[in-house]
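What follows is the residue order along each chain.
There are 2 protein chains.
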Amino acid sequence: MEFQVIQSCVDSRARLGEIVTPHGRFETPVFMPVGTQGSVKALSSDDLENVGVEVILANTYHLYLRPGHHVVEKLGGLHRFMSWNAPILTDSGGFQVYSLARLRSISEDGVTFQSHLDGKKHFVGPKEAMDIQTALGADMIMSFDECAPYPAEYGYVKNSVRLTTLWAERCLEHKSAENQALFGIVQGGMFPDLREESAKSLVDMNFQGYALGGLSVGEDRETRKLVIEKTVPFLPEEKPVYLMGVGKPEDIVDAVLLGVDMFDCVLPTRNARNGTLFTPQGPLVIKNARYADDPGPIDDACNCYTCAHFSRAYLRHLFMAKELLSYRLNSIHNLYYYTHFMSEIRNALREGRLAEYCQRFYEGRSGSPDP
Amino acid sequence: MEFQVIQSCVDSRARLGEIVTPHGRFETPVFMPVGTQGSVKALSSDDLENVGVEVILANTYHLYLRPGHHVVEKLGGLHRFMSWNAPILTDSGGFQVYSLARLRSISEDGVTFQSHLDGKKHFVGPKEAMDIQTALGADMIMSFDECAPYPAEYGYVKNSVRLTTLWAERCLEHKSAENQALFGIVQGGMFPDLREESAKSLVDMNFQGYALGGLSVGEDRETRKLVIEKTVPFLPEEKPVYLMGVGKPEDIVDAVLLGVDMFDCVLPTRNARNGTLFTPQGPLVIKNARYADDPGPIDDACNCYTCAHFSRAYLRHLFMAKELLSYRLNSIHNLYYYTHFMSEIRNALREGRLAEYCQRFYEGRSGSPDP
Numbered sequence: 001m002e003f004q005v006i007q008s009c010v011d012s013r014a015r016l017g018e019i020v021t022p023h024g025r026f027e028t029p030v031f032m033p034v035g036t037q038g039s040v041k042a043l044s045s046d047d048l049e050n051v052g053v054e055v056i057l058a059n060t061y062h063l064y065l066r067p068g069h070h071v072v073e074k075l076g077g078l079h080r081f082m083s084w085n086a087p088i089l090t091d092s093g094g095f096q097v098y099s100l101a102r103l104r105s106i107s108e109d110g111v112t113f114q115s116h117l118d119g120k121k122h123f124v125g126p127k128e129a130m131d132i133q134t135a136l137g138a139d140m141i142m143s144f145d146e147c148a149p150y151p152a153e154y155g156y157v158k159n160s161v162r163l164t165t166l167w168a169e170r171c172l173e174h175k176s177a178e179n180q181a182l183f184g185i186v187q188g189g190m191f192p193d194l195r196e197e198s199a200k201s202l203v204d205m206n207f208q209g210y211a212l213g214g215l216s217v218g219e220d221r222e223t224r225k226l227v228i229e230k231t232v233p234f235l236p237e238e239k240p241v242y243l244m245g246v247g248k249p250e251d252i253v254d255a256v257l258l259g260v261d262m263f264d265c266v267l268p269t270r271n272a273r274n275g276t277l278f279t280p281q282g283p284l285v286i287k288n289a290r291y292a293d294d295p296g297p298i299d300d301a302c303n304c305y306t307c308a309h310f311s312r313a314y315l316r317h318l319f320m321a322k323e324l325l326s327y328r329l330n331s332i333h334n335l336y337y338y339t340h341f342m343s344e345i346r347n348a349l350r351e352g353r354l355a356e357y358c359q360r361f362y363e364g365r366s367g368s369p370d371p
Numbered sequence: 001m002e003f004q005v006i007q008s009c010v011d012s013r014a015r016l017g018e019i020v021t022p023h024g025r026f027e028t029p030v031f032m033p034v035g036t037q038g039s040v041k042a043l044s045s046d047d048l049e050n051v052g053v054e055v056i057l058a059n060t061y062h063l064y065l066r067p068g069h070h071v072v073e074k075l076g077g078l079h080r081f082m083s084w085n086a087p088i089l090t091d092s093g094g095f096q097v098y099s100l101a102r103l104r105s106i107s108e109d110g111v112t113f114q115s116h117l118d119g120k121k122h123f124v125g126p127k128e129a130m131d132i133q134t135a136l137g138a139d140m141i142m143s144f145d146e147c148a149p150y151p152a153e154y155g156y157v158k159n160s161v162r163l164t165t166l167w168a169e170r171c172l173e174h175k176s177a178e179n180q181a182l183f184g185i186v187q188g189g190m191f192p193d194l195r196e197e198s199a200k201s202l203v204d205m206n207f208q209g210y211a212l213g214g215l216s217v218g219e220d221r222e223t224r225k226l227v228i229e230k231t232v233p234f235l236p237e238e239k240p241v242y243l244m245g246v247g248k249p250e251d252i253v254d255a256v257l258l259g260v261d262m263f264d265c266v267l268p269t270r271n272a273r274n275g276t277l278f279t280p281q282g283p284l285v286i287k288n289a290r291y292a293d294d295p296g297p298i299d300d301a302c303n304c305y306t307c308a309h310f311s312r313a314y315l316r317h318l319f320m321a322k323e324l325l326s327y328r329l330n331s332i333h334n335l336y337y338y339t340h341f342m343s344e345i346r347n348a349l350r351e352g353r354l355a356e357y358c359q360r361f362y363e364g365r366s367g368s369p370d371p
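Those protein sequence lines, which keep their order, are chains A and H. Reading the first sequence from the start, the letters are residues 1 to 371 in our numbering. Reading the second sequence from the start, the letters are residues 1 to 371 in our numbering.
Be aware that one or more of the hints could be misleading.
With a Cα cut of at most 30 Å, we get these calculated DSS-like pairs of lysine-lysine [what the hints assert, rightly or not]: (1) A:K121 x H:K225; (2) H:K287 x A:K41; (3) H:K287 x A:K120.
One side of the interface only, derived from the structure: several residues of chain H facing chain A at Cβ under 8 Å [what the hints assert, rightly or not]: (4) L43; (5) L75; (6) H309; (7) S311; (8) A321.
In case anyone wonders, no lab produced these hints; they're calculated from the structure. Just so it is clear, the structure is predicted and the values come from calculations on it, not from any experiment. Where is the CB? At the ideal position from N, CA and C, for every residue including glycine.
Required output: the full structure, derived from the provided sequences and hints.
And the structure:
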């Protein structure tokens, strides 16, 4: 993987960048839709391409449990398995072990846990996380971290930073595939000094990219902004910065201005399945009765397949009738909103007018159709 | 609507035909996928087009209850509502009133029933069935019939034929839209003399097409063949014959040979959602463990999108993980199987080799992957 900054913003830490991977290039800031189980829910690879998606994320924890990384490897790796011939990033599985699995016990070597699917016992540590991710074959992979709960005491978080640093080192030692770029994950909870400590230790190890983990776990927007602001300056400018699990469009704008290059979140696809649709004015709740005979599209200015073909009335009908097509059409719209939004941010950066774009973005969201 | 026979089979009653509607033409024998609630489950209009679907069926009962025919009418009719710019046939709602609704009471005027959605009371008779179908705006519409249960006594079925004939006459009187073709529905249960009586009465009224109702209700294959064989000869050769709710590929071949031109059934899409996939050799059950690491497509010889891009292993994974994409990819394959199969039948008819095709078809199904 190669990363380069194409243009920096004069008013903020934001930058336009480019990442080149064995499966193609994309520009940053970028949003990666989440394909948890080897499928971005309700969408095919063609749908993703048509929506303008250039890179996706898949979850190591889920694919390790089902169908198993050896199956994916035997089938030619994740790209071929899911017929997605563009960049993929896999997380380390750490976050899901803490949030989904049961009966965890953490040692210096890794985590023993029970599968949320069948209760079977598993052990994953830094070595296993590398082996699994090598088998899956993503272009960008993550070191195995300990993600502290929120809220957490200073002492707990300090130890979690220590473990994360130790495991990061072991991941680097154990990583085998030359064509996979390994990212270190900065932890440290909401404590700026621990974030600094974590960032500095990882930077000393020289990862190919750096992620901010342990955020979007329940903290408020201002706290998150503060943590990002106090962490990014300790990361090298020539490496990409990835904020894991974030987020809402406004959270993304916040973080872009603070120097973040990569994002992932289940929000657009999950909201789509719940019938909450993104518009520049804010969320639109499609089940609302006032859309029952509304002939207009979700968003007049949107060029997605859904808005080009279907009325709010039809989309409401599909949603109320629990038709499977509802989830796909809504997901197409929401992901198009995200890819279009990120491309607007990149264009604003390219043309030196990001500050202006962000101001209009924040102002535009005051008139939400369904506040 | 115009229908013409292009070529007749010398060995059977089968014929190649053409139907021209206000929304386009298609050849017969044809299979119509079922878009119950204004959506062929899991598929968009583009998917249907790509799969080669040329005409679909929608259910009057479901659309009447939700979103309501007035809503569909206000939104420009069913074609525009669901963004399907090709022929549509709507059923009369009769079959669903008997199979889905609760607390029915049948009079000379029609049926009073409770909605299966919210228990609200409704009345639908021949007049209402015409009004609703006019509002929906399909190219082909059905007269309102009384579909006898199976098994049913001779006396019950005789009365059901009487009512169906009476209502058919009222439908003809009440039908208002010139650009909609009205089909009469032959009833008569499994009694050839009642089928003959029903057919003759309807033919006297001169409908634009004739449907065989009250089949595929639990009778065995031989009984169904006998009923079709004893009914079709009483229908005019210059009108299309539509066998409602049928069926399996072998049932379709049976009926084509007996002179049937049109078919509809939920089988391909419902089976898709249950993970049962059609192949020329017979059904393949994708959840079977032996497909867990099978790199091949569902069917080597199939040219559908699913077979071109995805392995049995991936499709099994999606199915086991209950991924929404599973339902769509499986539905694309099964409907492609049906449209391809019908097109093979038409080509065999065109080239005067239907008997040979049917023999190979029946023989080919002896080696089902998952018997």
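A quick look at each hint next to the structure:
Proposed proximity of K121 of chain A and K225 of chain H is contradicted: the alpha carbons are some 56 Å apart, above 30 Å. About 19 Å separates the Cα atoms of K287 of chain H and K41 of chain A, which keeps this hinted pair within 30 Å; it holds. A distance of roughly 21 Å separates the Cα atoms of K287 of chain H and K120 of chain A; the hinted pair therefore holds under the 30 Å criterion. Among the interface hints, the one on L43 of chain H holds; its C-beta lies about 7 Å from the nearest C-beta in chain A, closer than the 8 Å criterion.
The restraint placing L75 of chain H at the interface with chain A holds, with a minimum CB-CB distance near 5 Å, inside the 8 Å limit. Annotation: interface hint on H309 of chain H holds; nearest CB of chain A at approximately 4 Å, less than 8 Å. Hint status for S311 of chain H: holds, given a least beta-carbon distance of 6 Å to chain A, under 8 Å. The interface hint given for A321 of chain H is met, as the beta carbon of that residue sits about 5 Å from the closest beta carbon of chain A, less than 8 Å.
Checked against the numbered hints above, the structure breaks only hint 1 and satisfies the rest.
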